[in-house]
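**Q** Chain order of the listed sequences is A and B.
First residue of the first sequence? That's 5 in our numbering, and the numbers climb one at a time after it.
First residue of the second sequence? That's 5 in our numbering, and the numbers climb one at a time after it.
Do not take every clue at face value.
One side of the interface only, derived from the structure: several residues of chain B facing chain A at Cβ under 10 angstroms [to be verified]: (1) M16; (2) E31; (3) N48; (4) I64; (5) L116; (6) T117; (7) A122; (8) S250; (9) I260; (10) A268; (11) D271.
These aren't lab readings, by the way, just hints derived from the structure by calculation.
Note that CB positions come from ideal geometry on N, CA and C, so glycine has one too.
2 protein chains.
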Amino acid sequence: MQVISRAIQKQMENASWIRRMFEKGMELKKQFGADKVFDFSLGNPDIPPPARAREALLAITEEAVKPMGLGYCPNAGLPAFREALAAWLTNQQRVPLESKHIVVTCGAAGALTSFFRAVIEPGDEVLSPAPYFVEYGAYCGHFGGVLKTVPSLPPSFQPDLPGLEASITEKTRVLIINSPNNPTGCVYSQQTLTKLGQLVERVNATRERPLFLVSDEPYRFLAYDDVTIPPVLPISPFAVVMGSFSKSLSLAGERIGYIAVNPALPDVGLLVNAVTMTNRTLGFVNAPILGQRLAMALLDEGVDLSIYDRRRKAMAQVLTDAGIKFAMPQGAFYFFPKAPGGDDQAFVQALLKYNVLAVPGTGFGFSGYFRLSFSVEDSVIAGSAAGFAAAAKQF
Amino acid sequence: MQVISRAIQKQMENASWIRRMFEKGMELKKQFGADKVFDFSLGNPDIPPPARAREALLAITEEAVKPMGLGYCPNAGLPAFREALAAWLTNQQRVPLESKHIVVTCGAAGALTSFFRAVIEPGDEVLSPAPYFVEYGAYCGHFGGVLKTVPSLPPSFQPDLPGLEASITEKTRVLIINSPNNPTGCVYSQQTLTKLGQLVERVNATRERPLFLVSDEPYRFLAYDDVTIPPVLPISPFAVVMGSFSKSLSLAGERIGYIAVNPALPDVGLLVNAVTMTNRTLGFVNAPILGQRLAMALLDEGVDLSIYDRRRKAMAQVLTDAGIKFAMPQGAFYFFPKAPGGDDQAFVQALLKYNVLAVPGTGFGFSGYFRLSFSVEDSVIAGSAAGFAAAAKQF
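Pulled out of the complex, with its shape left as it was, chain A reads as follows (with noise of 0.2 angstroms):
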């Protein structure tokens, strides 16, 4: 019997990389012990959380017990929240934000999928730099949204600028990037953002139906080498930024994120009421309340980023060893080698044979390359280096 739809069954079917990575990886755990396996295939922060998360959960479960303490709160967020973060991001991205700006979500995820809701009409196109986080087809597709995508410039992966502008149709209503990238580690320069804004305002000077330029951006706070992260609301009024604290605070399961919308946008306030109802019907309802106390307690505090940087410079020293060409991720936890080769899958089941985990680049939609969390224990790291010098002989 046909129990679920065409559409979900299809997509079934075309399961992640990730995940049949993830699946293998538990196969190879249980046959040769999870010591003995090199796992790069997920971004799941290890770091643990700040130092002061214990003194705050313990705030927050005095908090909690109290009549209405872990009750409803408004769709948008805790307003105590709101206003926190209306302050934290008028900080880091240079635009006066007040909270009626902002809704608290279910992590950066849930805030794409709000405001996809919010925004297309079905047919419409979101359009985004390849290689991409592998959700954005199926965030916007529940709502008859479309991905097309262009490739970005190897090796840096800075956007192709003409040829995303060549892309745009009258369809096109999302313009998504996501800087510091996964799976590439590039940091969008300043320069990029500058020719993105003047993009969107040629796009958006003819139009009755804005171009959106959304910033996805769960990374932000984690860039090396003094590269900075230039704020993306300044370079225009049809720009949204999404966040999380996924990552910079490692709270990943608890799913806080937020959007945030350029004051500067016409009718910004019905585009908040929009993102907060759809909040509200997709079923999130508001973010989890919890998470949202910690995260507020929390939000001037952050993850060791030290622990990254070691990391990072491990795994680049291990790939060089193995003769592997990369560009040295400018921010974000991925490294993006080329394959050796040239063929990404038949190079990730070379490693396979000696227990590395990695994801081709045919799952962020740009082959010849594979993707590397190095959000893994250093003795990972180290273990790895004969596998990777192993299977990059063969080819």
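Once you've looked at the hints, dock chain B against the given chain A.
**A** Showing chain B alone in chain A's frame:
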């Protein structure tokens, strides 16, 4: 400029009655002081969480601050929580459930949207007895589903079974029931459920694409006067149960619920995998990790139900004294009385003059009645007596 989609624009114009009353209430509280306003408009559980919640949260804190303590968990939920839920639901539903039949969700709302996304083709119909929970239309509408309703039979508000059967077409994908019912307080009898099971069997005997019987039951824990709430899974292999701990543990803001599929459903594994995927791609990713741990720790606990029963009796007295006709609620925490004079919107307006907030039945697809939530302090009930009496006298 058109910053939001046409469908969402239309939904915003038809803002829910609950929301309108909420805003009216905010206004009145500002003007007269919160203690002078008698707000029966919201179903926000105000009884504190069970006493063991403090101890549980302290233990959870120690887990949370470890590496990965707040990290992503499997999309379907913490394995230990799914196991515990399987045992708990097996006992409650009288059907042998295993963890593989269960997905932990962001409340019952998240269960409904994830399920609708998994099974609905554009144009499919969702059939519900009226009055009904106001969000059903939006929940299925995201994915091209259309809500159809059939009036239930006052004064008991048991469903109109022949009416429901006559309304089923080839496009009817889901028949959704809600017992104990919001807003009527009605509990569906065993006889009603048995007949519903037979109805679903007749429909599915000729179908390749089954009709699902969805039981939305966040109030299963709350019945009065020794009324029993019969389990729904045993009545049909096509039955799917969705529940939440929002009311039973007073943690509505933390968003923890579940979906349990009858193991006898053909392709049960495919449906559970599909819901696990849609739960991920709708942006929930996984139900909040702190809430999952808390609900697991408190699974055999409950809030103090005698408080709700005391309020129910006090509210009944207030209505009786005002000469307002009602059926005594068998479960949940709502009254759905007949509007004196017959015009629910006019009567709710009259109540407003006495600072009493209620929601017209029109907001639930059933005019001539109005809803009162008695999840409020005893003093609110007592303080409202004069207002109810004075308003009723005008009709």
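**Q** Does the nearest C-beta of chain A fall within a distance shorter than 10 angstroms of the C-beta of B:N48?
**A** Result: holds, 5 angstroms to nearest chain A Cβ.
**Q** Using the nearest Cβ pair, does B:L116 come within less than 10 angstroms of chain A?
**A** holds, 6 angstroms
**Q** Against chain A, with CB atoms and a cut of 10 angstroms, does the hint on B:S250 hold up?
**A** Cβ of B:S250 sits 8 angstroms from chain A, so the hint holds.
**Q** Is the hint on B:A122 kept, meaning its closest Cβ partner in chain A is under 10 angstroms away?
**A** holds, 5 angstroms
**Q** Hint check: is the beta carbon of B:T117 less than 10 angstroms from a beta carbon of chain A?
**A** Holds - the Cβ of B:T117 comes within 10 angstroms of chain A, reaching about 4 angstroms at its closest.
**Q** With 10 angstroms as the cut and Cβ atoms as the points, is B:I64 at the interface with chain A?
**A** Status holds, d = 8 angstroms.
**Q** Double-check B:D271 for me: the hint is only fine if its C-beta lies closer than 10 angstroms to a C-beta in chain A.
**A** Since chain A brings a Cβ to about 5 angstroms from B:D271, closer than 10 angstroms, the hint holds.
**Q** So, B:A268 near chain A? Judge it on the closest CB pair being under 10 angstroms.
**A** violated, 12 angstroms
**Q** Let me know if the C-beta of B:I260 comes in closer than 10 angstroms to any C-beta of chain A, holds or violated.
**A** holds, 9 angstroms
**Q** Hint check: is the beta carbon of B:M16 less than 10 angstroms from a beta carbon of chain A?
**A** holds, 6 angstroms
**Q** Does B:E31 pass the interface check with chain A, least Cβ-Cβ distance below 10 angstroms?
**A** violated, 16 angstroms
Checked against the numbered hints listed earlier, the structure breaks hints 2 and 10; every other hint is satisfied.
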